[in-house]
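**Q** Here's the letter readout for the chains.
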Amino acid sequence: MSLLIVENLKISIEGREIVENLNFQVEKNETLAIIGPNGAGKTILFRALLGLLTYKGKIQWENGVKIGYVPQKISIEKDFPLSIGDFFDLQDIDIKNAKVLLRLMGVGMTVAGEDKYPNIFKEKIGALSSGEFQRVLIASALASNPDVLLFDEPTAGVDMGNEDNVYKVLSNLQKIKGFAVVLISHDLNVVNKYADKVLCLNKKQVCYGHPIHALTTESLQLLYGEEAVLHHHIKGQYAHKHKEK
Amino acid sequence: MSDLYITILIGFFVGGTAGYLGAIMVMKRMSLVGDALSHVALPGMALGLVYDFNPFIGALFFLVFGIFIIWKLEKITKLPVENLVGIIFTASLAVGILITPEPELIEALFGDISSIRSFDLPLIVIFSIVIFFFTKFISKKVIFSVVSDDLARSRGINTDFYNLAYLLMVAAVVALGVKFVGSLLMGALVIIPAAASKNATKTFNQYSYGAAIIGGFSAVLGIILSDIFAFPSGAAIVLVAVFIFVLMLKWKRN
Numbered sequence: 019m020s021l022l023i024v025e026n027l028k029i030s031i032e033g034r035e036i037v038e039n040l041n042f043q044v045e046k047n048e049t050l051a052i053i054g055p056n057g058a059g060k061t062i063l064f065r066a067l068l069g070l071l072t073y074k075g076k077i078q079w080e081n082g083v084k085i086g087y088v089p090q091k092i093s094i095e096k097d098f099p100l101s102i103g104d105f106f107d108l109q110d111i112d113i114k115n116a117k118v119l120l121r122l123m124g125v126g127m128t129v130a131g132e133d134k135y136p137n138i139f140k141e142k143i144g145a146l147s148s149g150e151f152q153r154v155l156i157a158s159a160l161a162s163n164p165d166v167l168l169f170d171e172p173t174a175g176v177d178m179g180n181e182d183n184v185y186k187v188l189s190n191l192q193k194i195k196g197f198a199v200v201l202i203s204h205d206l207n208v209v210n211k212y213a214d215k216v217l218c219l220n221k222k223q224v225c226y227g228h229p230i231h232a233l234t235t236e237s238l239q240l241l242y243g244e245e246a247v248l249h250h251h252i253k254g255q256y257a258h259k260h261k262e263k
Numbered sequence: 030m031s032d033l034y035i036t037i038l039i040g041f042f043v044g045g046t047a048g049y050l051g052a053i054m055v056m057k058r059m060s061l062v063g064d065a066l067s068h069v070a071l072p073g074m075a076l077g078l079v080y081d082f083n084p085f086i087g088a089l090f091f092l093v094f095g096i097f098i099i100w101k102l103e104k105i106t107k108l109p110v111e112n113l114v115g116i117i118f119t120a121s122l123a124v125g126i127l128i129t130p131e132p133e134l135i136e137a138l139f140g141d142i143s144s145i146r147s148f149d150l151p152l153i154v155i156f157s158i159v160i161f162f163f164t165k166f167i168s169k170k171v172i173f174s175v176v177s178d179d180l181a182r183s184r185g186i187n188t189d190f191y192n193l194a195y196l197l198m199v200a201a202v203v204a205l206g207v208k209f210v211g212s213l214l215m216g217a218l219v220i221i222p223a224a225a226s227k228n229a230t231k232t233f234n235q236y237s238y239g240a241a242i243i244g245g246f247s248a249v250l251g252i253i254l255s256d257i258f259a260f261p262s263g264a265a266i267v268l269v270a271v272f273i274f275v276l277m278l279k280w281k282r283n
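Chains as they are written, first to last, in my numbering: chain L, 19 to 263; chain S, 30 to 283.
Incorrect hints may have been included.
To be verified - Here are some, though not all, of the chain S residues that point toward chain L, as calculated from beta-carbon distances under 10 Å:
#	residue
1	52
2	60
3	165
4	166
5	170
6	173
7	177
8	179
9	192
10	226
11	230
12	253
13	277
14	280
Claimed, not checked - DSSO-like cross-link-like pairs, simulated, lysine-lysine; straight-line CA separation at most 27 Å:
#	chain 1	residue 1	chain 2	residue 2
15	L	114	L	76
16	L	74	L	46
17	S	227	L	91
18	S	57	L	96
19	S	101	L	140
20	L	222	L	28
21	S	101	L	96
22	S	170	S	279
Please keep in mind that the hints were generated in silico from the structure rather than gathered at the bench. Remember, predicted model here, so these are calculated numbers, not experimental data. All C-beta atoms in this analysis are idealised placements derived from N, C-alpha and C, irrespective of residue type, glycine included.
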């Protein structure tokens, strides 16, 4: 049985249709990437999958599925009076487990692998860089040993070396622990490298399937407009999706 | 026990609890809501003073009503909460001023410790302790929703419920405190201790207990000063808290 089955999904907010007629599935162990321009409804889709808003159609999770969620960048004031230890505590994640996960995600370590802070659990969450905090969020999503991880632009704000690292760690963990990943990404390289399936979303479902088959010039044009795709083809690569004006 | 000791004891409990709740208020970026909210107590206190029932009951009733209104409006309307709060709460202040006879108006606006009687003591102490521990009990969930409401809800936390429960606790502590510091200054007793504590602390426990201690200490010292120098108690308490805030600011810079 599939981990997740979505059929004829329709989401409207205040009478405006955001997403219409989506059909896709996620199997165990699989990575599904969701791509699409800004405002395409990707984050809204995630919120529906998490049961945070109402929708029409079918979203059917396997019985008893455990979902780990990493939201899009959360902005925290620098002096927000909450330490990393507090952040794990309010999620009822014990410190031992948190320590292992943070190490795994490389939070609070220098490039050379040395500890950056005397005791990272006593640092304010606002003191971390946004990339580090993002990895704290990933670590806390992994703490419950989820069957599936929902990642909303998991590496936004993470610098390039670390971004690669995050994906490597994740795909290794995925092999060991066997969870599925559904991720929203802007980076077609990531999609090609790590995704088993891709769903192109621009209000409607533009493409769906294995990246090699699904990411055609046509579907990318439907997603991002002709110019954007042409730009990338001249350069001879899918490459990173830049903001086009 | 002499009246002064009783008021000091009451001040300690109310100030401490207000400080603790204020810590979460400041994290929620609702400082101004806390301040404006205290004004909602005025019509209720006025009715109590005019019709001779405990103003605490009147204040509590109006505050709970006010809380339900913000909570609902926050959910239904797309207007910024700050605007709504500004309109509704100043409106209730205006209504309060209209219906309160002049001698009682001063007491309701600025508080009067001499009106506190010894039979208030057990009631206020028990209420403060209950409010403090209940808030502590739900604090993790409330803060989780401040960090990310979606994330908290995705973990199955009914954040609406916890936010409402927290705001009701704020209503209760404001209702307790208006007798001392009055409805104009009660907001300060919620916000200033937290703002002061935030300057010098790193973890939530340090911060929230720090705010509670500063709140309790400000109330006690304020009451003693007002007794010695015959100052109005509300003003003395708030100024002590402000003084501590300024001291703690120096800490932040270091």
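**Q** Next item in the hint list is residue 230 (chain S). Is there a CB on chain L closer than 10 Å to its CB?
**A** It holds, given that the least Cβ distance between residue 230 (chain S) and chain L is near 6 Å, below 10 Å.
**Q** Would you check the hint for residue 74 (chain L) and residue 46 (chain L), treating anything up to 27 Å between C-alpha atoms as holding?
**A** With Cα atoms ~25 Å apart, residue 74 (chain L) and residue 46 (chain L) stay inside 27 Å; holds.
**Q** Within 27 Å, alpha carbon to alpha carbon, are residue 101 (chain S) and residue 140 (chain L)?
**A** violated, 37 Å
**Q** Verify the proposed pairing of residue 114 (chain L) with residue 76 (chain L), using a straight-line Cα cut of 27 Å.
**A** violated, 39 Å
**Q** Hold the hint about residue 166 (chain S) up to the distance rule: shortest CB distance to chain L must be less than 10 Å.
**A** This interface hint is violated because 13 Å lies over the 10 Å limit.
**Q** Min Cβ distance, residue 179 (chain S) to chain L: is it shorter than 10 Å?
**A** holds, 5 Å
**Q** Hint residue 165 (chain S) vs chain L: min CB-CB distance below 10 Å?
**A** Hint violated; residue 165 (chain S) Cβ to chain L Cβ min 12 Å, cut 10 Å.
**Q** Would the stated hint for residue 52 (chain S) survive a check requiring a Cβ distance to chain L of less than 10 Å?
**A** Result: holds, 7 Å to nearest chain L Cβ.
**Q** May I ask you to test the interface hint for residue 192 (chain S) with respect to chain L, counting a Cβ-Cβ separation under 10 Å as satisfied?
**A** violated, 15 Å
**Q** Given residue 226 (chain S) was flagged as interface, is its beta-carbon under 10 Å from a beta-carbon of chain L?
**A** holds, 8 Å
**Q** Does residue 28 (chain L) lie within 27 Å of residue 222 (chain L) when you go C-alpha to C-alpha?
**A** holds, 10 Å
**Q** Against chain L, with CB atoms and a cut of 10 Å, does the hint on residue 173 (chain S) hold up?
**A** holds, 5 Å
Of the numbered hints given earlier, the model fails hints 2, 3, 4, 9, 12, 13, 14, 15, 19, 21, 22; all others are met.
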